[in-house]
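> Can you build the whole structure from these sequences, using the hints too?
Number of protein chains: 6
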Amino acid sequence: MRVKNIARTGWMMRGVPPSESETVAAHSYEVAVLALVLGGKLRSSGFAVDIEKTLKLALLHDIAESVIGDIVKAVKERIPNPRAIEVDALRELGMEEYAKLFEELELGSSAEAYLVEVCDNLATLLQAIRYVNRGYTQVLELAESVRRRLERMLTSGPLPGEALAVLRRAVSDLLISGEV
Amino acid sequence: MRVKNIARTGWMMRGVPPSESETVAAHSYEVAVLALVLGGKLRSSGFAVDIEKTLKLALLHDIAESVIGDIVKAVKERIPNPRAIEVDALRELGMEEYAKLFEELELGSSAEAYLVEVCDNLATLLQAIRYVNRGYTQVLELAESVRRRLERMLTSGPLPGEALAVLRRAVSDLLISGEV
Amino acid sequence: MRVKNIARTGWMMRGVPPSESETVAAHSYEVAVLALVLGGKLRSSGFAVDIEKTLKLALLHDIAESVIGDIVKAVKERIPNPRAIEVDALRELGMEEYAKLFEELELGSSAEAYLVEVCDNLATLLQAIRYVNRGYTQVLELAESVRRRLERMLTSGPLPGEALAVLRRAVSDLLISGEV
Amino acid sequence: MRVKNIARTGWMMRGVPPSESETVAAHSYEVAVLALVLGGKLRSSGFAVDIEKTLKLALLHDIAESVIGDIVKAVKERIPNPRAIEVDALRELGMEEYAKLFEELELGSSAEAYLVEVCDNLATLLQAIRYVNRGYTQVLELAESVRRRLERMLTSGPLPGEALAVLRRAVSDLLISGEV
Amino acid sequence: MRVKNIARTGWMMRGVPPSESETVAAHSYEVAVLALVLGGKLRSSGFAVDIEKTLKLALLHDIAESVIGDIVKAVKERIPNPRAIEVDALRELGMEEYAKLFEELELGSSAEAYLVEVCDNLATLLQAIRYVNRGYTQVLELAESVRRRLERMLTSGPLPGEALAVLRRAVSDLLISGEV
Amino acid sequence: MRVKNIARTGWMMRGVPPSESETVAAHSYEVAVLALVLGGKLRSSGFAVDIEKTLKLALLHDIAESVIGDIVKAVKERIPNPRAIEVDALRELGMEEYAKLFEELELGSSAEAYLVEVCDNLATLLQAIRYVNRGYTQVLELAESVRRRLERMLTSGPLPGEALAVLRRAVSDLLISGEV
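Residue numbers (this note's numbering), protein chains in the order written: chain A, 20 to 199; chain B, 20 to 199; chain C, 20 to 199; chain D, 20 to 199; chain E, 20 to 199; chain F, 20 to 199.
One should not assume that every hint holds.
One copy or two, it doesn't matter: identical chains are merged, so the pair holds either way.
Restricting the straight-line Cα-Cα distance to at most 30 Å, the calculated cross-link-like pairs of lysine-lysine (DSBU-like) are [what the hints assert, rightly or not]:
id : residue 1 : residue 2
1  : K95       : K119
2  : K60       : K95
3  : K119      : K60
4  : K60       : K72
5  : K92       : K119
6  : K119      : K72
7  : K72       : K92
Hints were generated in silico from the structure; no laboratory data involved.
So this is what it looks like as structure tokens:
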């Protein structure tokens, strides 16, 4: 389970020592638990969410990094067909059956894929805040940019307006509580 | 998300330096992915498994350690009502609604709770093997004991015989492939 | 010497990465050196202290953690007979002869046991301050609580009033000097 | 100097914990010292080598990773114009003037670029051997593949036959001496 | 308490990563506990040992390294008056009163100083064995050399013959038990 | 290449954990890159600098620490003939031919040796600032002292006045840019 051992490049590039850098597995764990909690709130507010699919997406969303490593945005944008690389990686891991899930993640149109992307950003923001608190000032810029992205996502997405409102409140609570 | 930062006591007690010790979050991540894979195999072999419940159990099975730390067996056995401590911990984390899930885990009677317990042992065995390969010889005894427990579990459990056979084959493949 | 490798749970639970978390051995070393210094001051002020017993208590006060791990207060309080666990641990370590010392520590009535408990709290406070300075803000609450406990202990204990005054002055000097 | 903080992806993907993974800076340092030593041997055997250019190439050959991270081969091969990314990275670092050096490295035709590529492989091989000795068995395959690449390079390159012979002897000595 | 943070140079020079290198405090802790145990055995065999002095020496024997760092033998031998440096260091630490103890350690003539030197070597040997087991092969030579020094010390020292015999038996038990 | 594994004593003595302490190799890498950049600026401003010699000095200036460890100033001043120790170390490393370079470094009279000493201080200052930003307050005093030394060096040295002015501007830019 290689992702337990791969430190996220974005942190190391911003001054966080490798010995303290969040791994891909730790990040995916946080994304999954956040998805569980937020998905639960959506459900109890009456909105249908396929939690099973959400959790699968959350757990596997970065699994291709076992094979291709953690590539930063600036590089990903230069690759003509990034999905092909991820599908090849899934094949190498014997996990082709989940390739369909990945397509969903890429398109981001289903409620589940959207929810996982929200949690991916939220988890990254929470971790960035932990690092900023510890004095890794170079992380601040990233925290700000992720926060803006998250806000945009929570303003409009493939969910009914009230569902977005539920999410906004839940995310706000998490950030305020300073749960770190 | 404290569990991302808590190293598992069992490894540290057997010579693995804290800087290399698997955290509770990393372990839970591995348990969840294994549960996803094994649950998938059971399903495609025709056995009904509630994957959503399985993944929730897997992700949260050690979450109480955020509050009570990672307690070794020898001590757990001395606590009159361990479940009470875990329920209190869940309350402190604002996660009481999942207390019911925990009861299930304790009793271990449902197919889902059983599957998570199998994966909990399998994940620990895989990690123990990684440590033994690196020369942490004190881990060997634990690896052997977990292996025996896993074998016992895979011989008889709250699943039909052919379901157990599917699991045994899948676990065997994982161990042989040396996927580390 | 397992305690050289066991990171203290309290730090990890409050955000200090395992790679930076103080181990049980490092803590016990600090307790012993502080006991040496404070015991020396008591002696040169005319108060009788058995330094040999004090140092033994300081060095061994957490040795049971080699076997039972580092258990947080909230859990210790739930164990009916914690001393029994510690005695069993000592037996496993081949150190039964020191069990009597442990009883003393538990009761806390002798000047030596009291001095070790003061140093245990002082060492934890000093380490907490180091972590707070580094930005581990979750440690602040613990630092405050240990400080209050230390103050209470230094106000009344099984020592003559002037002995307590000597200790208060020495502790105050250590905290002010910012010796970190 | 970000590269002092970026752990090399290839090691982490093969089981080496981030806290123990060689950084890009440490690797570049080793490449530069090896280039210094091998370049010196070539010179004292009568072959002209521009040591200044060699050392610059060695020191900067991975500097773009400050901006783009450490990308594995499998991904690099998928990028249509990798040199463009590196040039952009150099620009971001205010180091455009060295872009010409990078072109040389890419083409690999000059004696200096060739020498740096030999040392890049040699340094990686030496580090891989250190990791294999420590029990990171997944690194073995990479060590073997780098060794073969190095042998091919030392068999034919843009240097006179006797110069290659000098290099082969020097490399052989380094590997045999077990200098780790 | 700086020594809690200073990794021992000898280990780092032999391939042990800083994140895994034993600190001066951890080493001193082990020396003190070994001195406690061996001193206890000498006493119960009827030989007079000042345990208080022994433990003070053990705890403080490397405290000067807070100020001067951990200097390897090869350099120490070149310093005309190493004791002067240590005394200055003690002064800086406000610990001049212990300077007399240090003189004793240097001369090595008292039973207590001898016992601490035995434990200093034994602790280093035990730690070296742990590192060799983990694959740090460069440590082997040091382990062998410390073992020989320990054997020489246990053959003749400022203790009666039967006292040395008690020590030899106790050391042998510790090494055989593989207590690591 | 031992220096890749030796953490710099000065950092550890000031509270930086070994797992986060800059190694001798990482430091030398930074010194070399800074020397490359500053040397380049001098050259393009019309001043003759032997870059090849500068880079060799930069890469090797601490290589003796592979054998003698990282000794702090206070101790180095006490060694009658420190250069002899370094020459012996170079011999042990099979690098005697570079001993002449080291003499130059010691005397500090050539432009190249001066430039390397400037970069040695600048690199240490940059790293100290990184640590101070992270909350290692004990490093502040060292940062201040290195800054003053650097300023003195940049005021008068074995270079023409305008060359010093070029250096002062370049160093100032580096410090202001906050390139960390």
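> Indicate, hint by hint, whether the structure satisfies it.
Each hint, compared with the structure:
{"no.": "1", "hint": "K95 x K119", "result": "both (20 Å within a copy, 25 Å between copies)"}
{"no.": "2", "hint": "K60 x K95", "result": "neither (33 Å within a copy, 33 Å between copies)"}
{"no.": "3", "hint": "K119 x K60", "result": "both (26 Å within a copy, 17 Å between copies)"}
{"no.": "4", "hint": "K60 x K72", "result": "both (16 Å within a copy, 16 Å between copies)"}
{"no.": "5", "hint": "K92 x K119", "result": "both (22 Å within a copy, 26 Å between copies)"}
{"no.": "6", "hint": "K119 x K72", "result": "both (11 Å within a copy, 22 Å between copies)"}
{"no.": "7", "hint": "K72 x K92", "result": "within (25 Å within a copy, 32 Å between copies)"}
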